[in-house]
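S.K.: Here is how the chains run, residue by residue.
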Amino acid sequence: MLPTLQLGPLALPTGPFTLLLGVWLGLWLTEREADRLGLNRDHVSALAMTGLLAGLVGARLGYALAHLDAYLADPLGLISNNLATFSLPAGLLIGVGAAWLYGRRQRLPLRATLDALAPALGALSGALALAQLASGDGFGAPARLPWSLYLWDEWRHPTQVYALLAALIVFGAWWRWGRSAFAGFGFLLVVAGTAAATVFIEAYRGDSALLAGGWRTAQVLGLLVLGASLILIKRWHDALPPADGVRVDR
Amino acid sequence: MVTLLVGALWTSASREVAAGDVARMPSPHAGFPAPAFALEDLSGETVSLADYRGQVVIVNLWASWCGPCRAEMPALQSVYESLSAEGLVVLAVNSTAQDTEAAARAFVTEHALTFPVLLDREDSVSQAYRLRSLPSTFIVDRQGVIDSVLIGGPLAEAVLRSKVADLLAEGP
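Protein sequences, first through last, are from chains A and B.
FYI, our numbering numbers position 130 of the first sequence as 130, with every residue one higher than the one before it.
FYI, our numbering numbers position 108 of the second sequence as 108, with every residue one higher than the one before it.
These are calculated hints, taken from the structure and not from any lab test.
Keep in mind it's a predicted model, so treat the numbers as computed, not measured.
Some but not every residue of chain A turned toward chain B, in silico, with C-beta under 8 Å:
| hint | residue |
| --- | --- |
| 1 | P13 |
| 2 | A70 |
| 3 | G77 |
| 4 | T85 |
| 5 | D153 |
| 6 | E154 |
| 7 | A196 |
| 8 | F200 |
| 9 | A203 |
| 10 | G214 |
| 11 | R216 |
| 12 | L223 |
| 13 | G227 |
Facing chain A, from chain B, some residues (calculated, C-beta under 7 Å):
| hint | residue |
| --- | --- |
| 14 | L4 |
| 15 | G7 |
| 16 | T11 |
| 17 | R15 |
| 18 | S133 |
| 19 | R161 |
| 20 | S162 |
Pairwise CB distance ranges, derived in the manner of DEER restraints:
| hint | chain 1 | residue 1 | chain 2 | residue 2 | range |
| --- | --- | --- | --- | --- | --- |
| 21 | A | L168 | B | D41 | 46 to 54 Å |
| 22 | A | G214 | B | A38 | 32 to 40 Å |
| 23 | A | R32 | B | E86 | 48 to 56 Å |
| 24 | A | W28 | B | T100 | 44 to 52 Å |
| 25 | A | D153 | B | M1 | 39 to 47 Å |
| 26 | B | T100 | A | A73 | 33 to 41 Å |
| 27 | B | R121 | A | D153 | 18 to 26 Å |
| 28 | A | L72 | B | R132 | 30 to 38 Å |
| 29 | A | D35 | B | L9 | 38 to 46 Å |
| 30 | A | R32 | B | D51 | 57 to 65 Å |
| 31 | B | P74 | A | M49 | 31 to 39 Å |
| 32 | A | L83 | B | L42 | 28 to 36 Å |
| 33 | B | A85 | A | L12 | 37 to 45 Å |
Built from N, CA and C at the ideal position, the CB exists for glycine as well.
Please build the complete structure, drawing on both the sequences and the hints.
M.R.: Here it is, written out as structure tokens:
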């Protein structure tokens, strides 16, 4: 665990720094994939950046809205450098919405654009696992195993390492199979793979948010996303014209 | 279909594990009981974290030479003044092992701080809370469990208010 990296007088928070590296790697992979798919790389890159920036702003605004009294008393708190004051659902909603609107405006083909973004999703999930390993977040349940990690005063499942391995496997599967099937498959493969990994690994987490009855929230959401992805894979595959070429975009 | 069925069974099976996984060792991380401590304040009186069980406690680790620590103290004072009646306590733990008592006293006087300022002469709290960066702030709920860890600063008043609002609303 290395939550901060001390570079002389500068204390660099390794978690956010790792995520930033993941974003950079994801954007680079997206541009390469856009080229390979014959998309306008500048437009795809701008779409990704639009989504990221809108997501950041949306996440902060969403958090502020949920704590309106606090931010009305101190509006400058909106531009605080604190990373613990973001709302993930609001950020996702606004980020995806902004990217979708940008894509519509630039008339980018939906499924091919999603395919171009697929490796970025893979890179981000790997970076998130590394960031959590550095910060000690996303820790596992207590367990005495040969590969257990000593964290927060207990031997635990190294769930961050499990997540990193899963991200690498999903990325490998995308590289092997996701780039040569029908349009949209690469993206759905990464989403389905990541959701399946979440359902599996969450069982070993020691910090799961729980729903009523002890159901783990991330597992339930993962199941829903996995189900939706598998249904879309089947529907998009079945909609292919018979004996058509491998890449069809609609 | 088989994948989803296996996933649903796995989710259901791991639900029981979650229900039993509740006991935790004290550790300086969100969701864990806050490590206990007892330190002298500037008047020589011993103050312990356990004294404030039942209240929401902001434990702020600081030093007088640390710029962001100095910058966020007015926000801590303001939040303390307006919310102490609702059960909020601020314990400002001076990292005395890397500061001086004289400098800490001068800073407290200069900024007219009214919350308890504790002296960590032996570095025990810094070690128990694994201090890596100043300032570091731990928000502890009424049950003595850490709710938020805020590394670095300066913290805006809105951030502090937003982090304690729900905890204070829970009531004693």
